[in-house]
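Peer 1: Residue strings, one per chain:
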Amino acid sequence: MDDTIHVRTFARFRELFGDGLEIAVAAPATVRSVAAELARVNPAGARELLDGEGNLSKSVIVMVNRERVAGAGREDVPVHPGDEVAFYPPVAGG
Amino acid sequence: MAGRHRDLSDRDRERYLRQIPLVGEEGQENLLNASICIAGAGGLGCPAALYLAAAGVGHIRIVDDDVVSMSNLNRQVLYGEADIAKSKAGIAAEKIRSLDPGIQVEPRDVTLTEETVFPVTEGMDIVVDALDNYPARYLLNAVAQERGIPLVHAAVSGYFGQLLTVLPGRSACLQCAVPNPPAGNPPPVLGVTAGILGCMQAGEALRILLGDEPLAKDALVVWDGKTGSWEKIRVRRDPGCSACGRGKNNG
Ligand SMILES: [Zn+2]
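Going down the list, the protein sequences come from chains A and B.
So for the first sequence, my numbering puts the first residue at 1; every next one is plus one.
So for the second sequence, my numbering puts the first residue at 1; every next one is plus one.
Read the hints as simulated data drawn from the structure, not as lab findings.
Worth double-checking, as some hints may not be accurate.
Quick list of in silico lysine-lysine cross-link-like pairs, BS3-like style, CA-CA up to 30 Å [as the list claims (entries may be wrong)]: (1) B:Lys-217 with A:Lys-58; (2) A:Lys-58 with B:Lys-248; (3) A:Lys-58 with B:Lys-95; (4) A:Lys-58 with B:Lys-232; (5) B:Lys-217 with B:Lys-232; (6) B:Lys-226 with B:Lys-248; (7) B:Lys-232 with B:Lys-248.
Treat the numbers as computed from the prediction; the structure is a model and nothing was measured.
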């Protein structure tokens, strides 16, 4: 029985957190608790994943099971064991 | 396509000898008669302009309000130390003309604003978003939507880059894909990262002109130069998008 959440990361987040992570979070898990767990185990990465108040940075793109979750309530989207959560920080330079 | 139609000449047949087997004579003629606006003549715009010109795109408009500075030279490959303090649009146009005097190159030394973005995109078949900030990128995206012009977006930071191709009415737009821009100072950029993404932009523009499906339609195509991999992050059209959805008339 798969009781962990698969985390995928892209670009800078792959460099900071690694990719293909299996993380365990207490049920009921949400996008917020998954991000918080990533930040807990990697404080250096936390500065780019979370904002000053500990919320997920607004610009970070989040997908649950490869579907984008967006908008104000996205951190409360539930995540179940076996689900995949992906994080990508869009870039700006030219 | 602006101006009078240009047929393939003997010179064109020779110049594009190694390319016509791929794109066909008709495809090559499409390129010769196409007009592309490159917004931003920096790390992305320089390689995009070079490769579009080399491929035979007949009319290139280069938009940039900046002058060349020493710290540009690690990635803005159209410029050298002798160009410092000169207009990027002007120098870029000069260099492109020297590579192929047959191309119509139009430098526009203007800042993109709500007033200038409309005339700057006039008559264009494709716009290339090679800008360095999201407010200007969103302006260009909105006008491309309004005019129905395909837009090829790229952005870079460090070893990483992203590509998105927008076909108005047929795909997600930049605002759908990146609704909240990242904050912070101009990022460090490795020249080759900008080179890779600028070339990808040129490739997407050529695909559109040749009638092929773009690689980055409804997907952020992400380059990871640390691991040497490309990933596709699927993007859906947001029905409430302020640029392409029902939010667009609400200011
Ligand atoms: Zn949109």
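Peer 1: Please flag the earlier hints that this structure goes against, numbers listed from lowest up.
Peer 2: 3 and 6
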